[in-house]
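Chains as they are written, first to last, in this note's numbering: chain Z, 1 to 522; chain P, 1001 to 1342.
These are calculated hints, taken from the structure and not from any lab test. You can trust all of the hints, since none of them are fake.
Stretches of chain P that chain Z covers, calculated by requiring three or more beta carbons in the stretch to come under 8 angstroms of a beta carbon on chain Z:
1) 1206–1217
2) 1225–1233
Beyond 12 angstroms from chain Z on every Cβ pair, some chain P residues (computed):
3) 1038
4) 1043
5) 1045
6) 1046
7) 1055
8) 1062
9) 1129
10) 1160
11) 1162
12) 1164
13) 1175
14) 1197
15) 1301
Since the model is a prediction, treat every value here as computed from it, not as a measurement. The C-beta atom is built at its ideal place from N, Cα and C for all residues, glycine as well.
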Amino acid sequence: MLKTGEKMSDNLLELKGISKSFGSNQVLFGVNFELKKGEVHAIIGENGAGKSTLMNVVAGLLQPDSGEIIIGGEPVRINNPFDAQKKGIGFVHQEIALCADVTVAQNIFMSRTAMQAFAKPVMDYKRQSEEAREILRRLDSANIDPDAYVTNLSISSQQVVEIAKALSANCGILILDEPTASLTETETNALYRIMRQLTLQGIGVIYISHRMSEIFEHCDRVSVLRDGRMISRYPVAEARLHQLVNDMAGREVTTIYPPKSGKIEYSGDNSLMSAENLTDANKRFTDVSFKLYKGEILGFSGLVGSGRSEVMQGIVGLRRLKRGKVTFDGKDITGKLPQAIFSNGLLYMTEDRKQSGLFLGMNIANNIPSIHLDLITSNGVINSNWERELALRMIKELSVRASGIDQDAVDLSGGNQQKLLIAKLLAKKPRVVILDEPTRGIDVAAKAEIHQLLRKLAAEDIGVIIISSELNEITGMCDRVAVMHEGSLVGEAEGGDVNSNRIMYFASGAFKLDDTNARASA
Amino acid sequence: MDTVKLTETGAAKAGEVKQKKKWKVLEMRELNLMLILLVIIIGLSLTNEYFATWANLRVVIGSFSLDGIAVIGMTVILISGGIDLSVGSVMCLSMTICALLIRASVNPWLSAVLALLGCTAVGLAMGLLITKIHLSHFIVTLCFLGIARGIVYALTTGTPISLVGALKDLPSFRFIGQGQVGGIIPMTVIIFLSLAVVSEIFVRKSSLMRLVFYTGSNEKAAAFSGINVDRVKLATCIACSLFAGIEGIVYVNKFSGVPVSAGTGLEMTAIASAVIGGVSMNGGRGSVLGAILGLALMALVQNALTLFAAPPFWQDLIRYLIVLGAVLLDALQKNRAIRRMA
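The following block holds chain Z by itself, in its conformation from the complex (with noise of 0.2 angstroms):
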């Protein structure tokens, strides 16, 4: 299957057929998988392909039940993550699980001192903190002050202190689990440089993403896993994006956004709600007025911290407003009840499915009717029958996949939670949704599925609004965008303007430049 004319000293890493189950469902195929010596390999493949699981068996999370693991050429056992450590693997996990409360120094060697906390039961900060300074600096990052305390730095600083955590153990292979998916664009690039930087050291990266633009950009080799089969590797030079797309779901996904609705009418009677003057009791948007019509999906675009969630909020009244009116079916619904808002039919789904969105440790059936618990009550009686019924439902209608509806919604994949999610918000008809980052972190097929569903509601006269940090999406999927910049909104497209450049003209807030060079020249 391989080409034998590598030399075997090149590979830092192999896999030989691993295979692993757990109990009578197994995920992993005999997986082979290799990695160069200063190469970023890129795993790629739907939420639930195995990736994770590949990943925690490397990482010695997990034990394999056959196939081998070697590591320069010698065949090896990793039996905990500890052991992964002291083999030279460092392991950046999707979400920044960092001490907030000490320092960046004493979180990037918190295995060493834990290694050496008898041997060593003397801190020596001082030199701990220089330390941290230089494996700082070997990541282009010396603007990091070492003594700072995690719970300062901005996201992106911490993923870097995460990298130089995973560093701080002499790592030569660095696994980096969908290491952008909560960074803005610049600390984005940041990390690339960073990433390059690694290589050139001579570390090999293991690269987990969704994002097809990074593998193209970023990376060297790209292998595709579907169902814990290894599928497919190509070296990106070679890779066509139809190819991989096709590897992963196994099927033709031909059209990647569905067609958009062009026959909107922006009339005042055709629409379904209206902000006023919406202005936040904590500063965090200051009068911000749009108005939504029948048929449309507006989208919501901005940078992270921009606003975009608190103006959501405000409307179904999760947040407390200063002033402004929301009106919405002709009445006015300022300042009342989210309860009573969600009943009526306009809703907001939240961005972060597992703090603020889903009952992780409650099934499926009892998370779907969280929202509307009137359609499966009479009389302050919960009626089981109904609720299973409507759990059946809503999973065939988004298509989740689940052992059953007594699963324990902590129990699925990312894409299928966040498919959960959004049949809580569509247990009952709604007339308004509002769904923030409604496909962030979820995979190809999972996310074109959402986007048809997304269209369907708007064909249904169903007012759609989307927040998103994927230009793509935003530019794809919305008939109209409001772009909003700290706090305010800046400005809007239609139709045909609906494109990334114009979207980011405003959302970086170049306008004001144009705005500054305009004053100074007249």
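Got chain Z sorted already, so can you dock chain P onto it with the hints?
Coordinates of chain P only, in the frame set by chain Z:
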């Protein structure tokens, strides 16, 4: 270079699930507990001739029925993600208010209602501190553990109140704590069982209780689903104090008075029972049935220690080692299940 094409496979069909059991009546934990209880009961009846006598069982069931009332309230507040350390003191406060009013010749039923109102006020105060000032359940209820007990001492100057004389003239009120239905079944058992059955149905089937489960499972998600979590938490605080208060009313009747140390350690019994019975300390999971089975285990162990004349100073040690053992057993089993499935 190496462009390899490996195997194809059919993806699992989405949205298609097996229709499994309708709905579970008993959780694994409840079944386990029932088996353990059965083993203990059989073991005790074989090894101790006094155990299976009515006189002994009545004592066991009697004390069990009293504490069981507080356990119900504790279960509810634990499911909401909270905890209440004040139940013992609040129970004693309820006894004290009721007894003092009766001694002042207030109608006994009215006294009981006023005592319950007092407990409601305590629950309300705790709930407001928790929801409006955002103090933790632990701190607030710990303070009220002392405050409620402090009020009892202040009202009684630390001397026990006897109602032996007063209750003699109040046969209908006395019936709550001392009466027997059909000459055998103690009224306390009937009160407890009816409260337990109603609460269990409420916990399982009511939409109000579902709100409590949502809040306990993920408070933020509950708020984002439009649930008024503050109101839910406030209600559970009041409910827990109220159940403690009801236990107090029955207690004051049964013992015809108030020992001012009554209810000391009740919070430990209630929390331990609930946890043994599978109520999650993190909220979102649990049942009244489980918690009551947990309490039954505690009561049987206590009875066994008494029957076998275990040295009194060893009893706490033995009892809580058994509690730990029960929780451990369950955790081990759960871990095994997780390894099997996940």
